[in-house]
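> Next come the chains, spelled out residue by residue.
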Amino acid sequence: MEHAFKPEQMTKKYFTPWVIVLSAIALNGLGFLAMRFFFGIGSVTNLNNQFPWGIWIGLDVAAGVALAAGGFTTAALGHIMHRDKYETIIRPALLTAMLGYTFVAMGVFVDIGRWYYIWHPLVMWNGNSALFEVGICVMIYVSVLYIEFLPIVTERFIGKVNLPGFLKKFNLLVDGLLRKLDRGLEKTMFIFIIAGVVLSCLHQSSLGTLMIIAGPKMHPLWQTPVLPLLFLLSAFSVGFPMVIMESISASKSFGLKPELDVLSSLAKFVAPLLGIYLAFKIGDMFIRETFVYLAEFNSTTIMFTLEVVVGVIIPLRMFLSAAVRNSTTGLYIASLLVIFGIVMNRFNNFITAYNPPYAVESYFPSFGEISVTLGFVAMEILIYRLFVKIFPIISLPIKNAGLKAKYAIRGGLK
Amino acid sequence: MSQNRRDFLKTFAAIGTTAATLTAVTPNIAKGSSRRELSIDRKGVLVDTTVCIGCGKCEWACKTAHNMEAGNFDDYSSQLTDGSQRRPSENALTVVNQIDTSIMNSDKVKLQCMHCDHPACESACIVSAITKQENGAVTWDTDKCIGCRYCMVACPFQIPAFEYQKALDPKIVKCDFCYDRTKEGKLPACVEICPVGALTYGTREELLIEAKRRISKDPDKYFDHVFGEYEVGGTSWLYLAENNLVNKVFPKLGTNTAPGVSESIQHGLFAYFVPPVALYALLGGVMWLSKNKDKNEGGH
Amino acid sequence: MRKLFYLILLVFLASNLFAQNKLSKLHSKQNLDCSTCHECEVPTKTNPCLALCPRDKGKGTTHKVEDAPKVLEINKIKGEKDLYGAVNFSHKIHAEMSEMANGCVTCHHYNPPGKMVSCDFCHNTERSESKANIPDLKSAYHRQCMGCHTTWEEESRCENCHALNDEHKSTSTTSEIVKVHDSVTRPQTKVYETPNTNKGKVVTFHHNDHIELFGLECVDCHKDESCQSCHNQKPNFKKAENKVQHSSCNTCHETEDEKQCAKCHQESETKAFNHFAKTGFDLNKYHSKNTCSSCHKTKGSYTGLNSQCKNCHTWNNENFKHSITGLELNEEHSELDCTDCHENNNYKKPTCTSCHDESEGFIVPKKLPGKRIK
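From first to last, the protein sequence lines are chains A, B and C.
Be aware that the first sequence starts at 1, since it is given in the numbering used here, and climbs by one per residue.
Be aware that the second sequence starts at 1, since it is given in the numbering used here, and climbs by one per residue.
Be aware that the third sequence starts at 1, since it is given in the numbering used here, and climbs by one per residue.
Because the hints were derived from the structure by calculation, they are not lab data.
In this text, a Cβ means the ideal position worked out from N, Cα and C, and glycines have one as well.
It is possible that some hints are incorrect.
[Said to hold, decoys possible] Covered stretches of chain B, going by a simulated chain A footprint (3 or more residues, C-beta under 8 angstroms):
id	region
1	84-96
2	123-131
3	255-267
Just chain A, with the same shape it has in the complex (with noise of 0.2 angstroms):
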């Protein structure tokens, strides 16, 4: 049951009961970000001199960039590897990842107190530092996601450039540059493909090195020497999760058919990168012999386990069934879980192991901290709504057409 594939920009209206709810959200959020400009992070967030970091960097950044795994794991899958067949899920894929990072970009953002000065990594190197790697390599990655992203705006608006108004006269000029664009970037391409692919490694592992320094205030379920090697491989198996769980959200919400075949098919993927994730968990928390503290029951013993087993344990069991695979439901549901696995993950791995030696209170999210992380989240899925309405990138399937020219995404090697 092959079909041909190309990506369509999409037609519904934009405005839904939903939308109208998640903008609500977005503007909460909004409120309590300028409250933090104008009044200082102290008066938004709980965050003391005992806990620096809060949600902002645990939800926002961390889970943030390995929710946008996706991107780079299908642009390995779909360019590096050539699997074609995967192509037609490489633009949401790709469009997740740019919004992703924009937001964890945004999140650094509102997170630090000085953020007139984020530009300084740029040119104040400190190569020890893991922070800076991550930075570095985010900057770059982020340019590197929007070249990426820019052959889907020539093709959407090359031939159709029609400026308002006076600027019509520069419609021809336009349109030509574009062209120019568009055919310099199709030679160059492969470059910044790879160089996502490196580069996502990259800040995937020293995102994971970034709380090593905190050495004994971490909680030593959490703390070991391999966090990168666990960040770059959880990164790794829920790339594809991600990508099944929007191309069914998009779906639904477009009223669209969810192709199945290929999620099923990326599906299967997921259980042998999640097994070696698991496999190097559990095998590190022996080595280490930290299975110790699960004796202690307790909120972190309690955290740990929900990591380990609703997310990462059940879904890799129900990635394994082939009944579920090839279900809608069964797959939304087991990416769901590998989501909040990865999402606790991070979560736990920032916040909840970090135990200051003279904390006097434990930490808790502020209501406008929680405020903002999900008002990232509601504009995050607003302009994905948006973009997915003014840039061709949900694939329709076609009649009538060779299989290979549909489904080509420019850029690509050809």
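For this one, chain A is given, so just place chains B and C on it according to the hints.
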């Protein structure tokens, strides 16, 4: 298509060259500064907690020296006896606590930045705003800092504080070992004012000898351990006390340097940029091979 | 040539010897243990290995507390900020208090022979980083003072000793000069409860009597005491154990003999020792100033005396002056024996009849054997 492939190779070669150049130019960045030699003459302070009377003059002098709201110096000693275990914060670079107020005249411990020999904060700082100076001080450069607070995450003693309440120009705040004063040959403000000489300023080496002399001379008075000699690779501030300060005042820390394995991992991943470049080459190769395979199949 | 060589050698040896002698001259007459100043066994001129702080050694110069200077002004310390003015140190009062502890060496721990050295002989007036092992003068002073001054006061109140310099005059009202020490009042009677003893859980200690009656000095009991033993007001203050308390009594009282416990340990508070009630002999105005041992000659034994004056007094005008009764005997009578006039131990009224005739008017007090004084 052949055009494309030639381009591919050409660009690939160009990237290789660039990477090689980068590797040649930036080994010092990738290798990091923590491996540099520490000055033998670096200074330190020996804190003899058995001598401290908890008058709080050091807190007052510190604030005065750093142009902070200091208040009246008479009011400091009373803060000590209320049993609260205060921490250095954005409003006080140093504080003195009595550990156990139920025992009269028990050890009083002055807390401030320990000025590690291998500071985790320096290693962590994304913009190299924190520097271990030659005289032992770990200082912070306002103009570089972006306020990410990673130094606070990294510090094993939980010392750096942050001005959360400021919307504009919030600062990381911590003891700077009176870097400006010591440059002029003056003593650190706290050392200068201490009425009982509980703080002794000198080269770290001499202070260690002196600390051990005091212990051997008065073994009943001192717990036989100089805190800071080996902890997290050594600190500039050294503590003598009647009791073991570990777990009561300071967390239990190993003797590995404070940045721990973080730097080794970091340098392992980026050893002269070899791993990233190798990965890049590998992926390029895979891409090229699969492309060819694809083409051959497509050709049929 | 050889002669010259020997000469040089001789001069060399002699000069060495002389140098040695000169050194030993400095050390002579001082009767000191080498280890007082030298840490190693064989100090040489190049390496004298002098002890850093000859604390508690070399008690060379001493003088009586009464000769101590009364008030000293401590004004040699130079700090960056002059928060406080000079301290007027009540030296003599402190010297007297030090008698309860170790005496002058409590503070004057380095006390070489010769003149009493001032603190800045060793302790630098200015704080610098050069000397890690000897505290500077400011530290040295404060450490001496605060050792006692913090023991009963948790807050270190600088104003107790220092006057604030004008520019730092406190604006708050709490900093008025606090009185350093109330005048010590001597307790009359103290009642101790001894719950751990089997019988007699109350010990009444007539503090005043021990001084007034038994002639003890403060330091006889209050020796080697820190201020803390009186001033620690903390609730967790441990009461000294019985042994410790006995130790201050057992120089006079038998504390080891179990039969003697009841002498002090009673079921209820006891009255003060009353010689008349206990023995029938009233220590009236004539005997009240005597110490116990002036009559009870055998140490620790308070028995064997009766109320007869002869126990102590023999009549030879040497150990009893009759004039103390208000009557100075004239020459004829002063040579008589007591019993010649005072028959049957009646010392209130003399009998004159053994020599004189009553009918002739020889009746006291009409006619006296001497002249009345006062």
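> It remains to establish, for every hint, whether it holds in the given structure.
Taking the hints in turn, this is what the structure says about them:
| no. | hint | in the structure |
| --- | --- | --- |
| 1 | 84-96 | holds (count 4) |
| 2 | 123-131 | holds (count 7) |
| 3 | 255-267 | holds (count 9) |
The earlier numbered hints are all upheld by this structure, with none contradicted.
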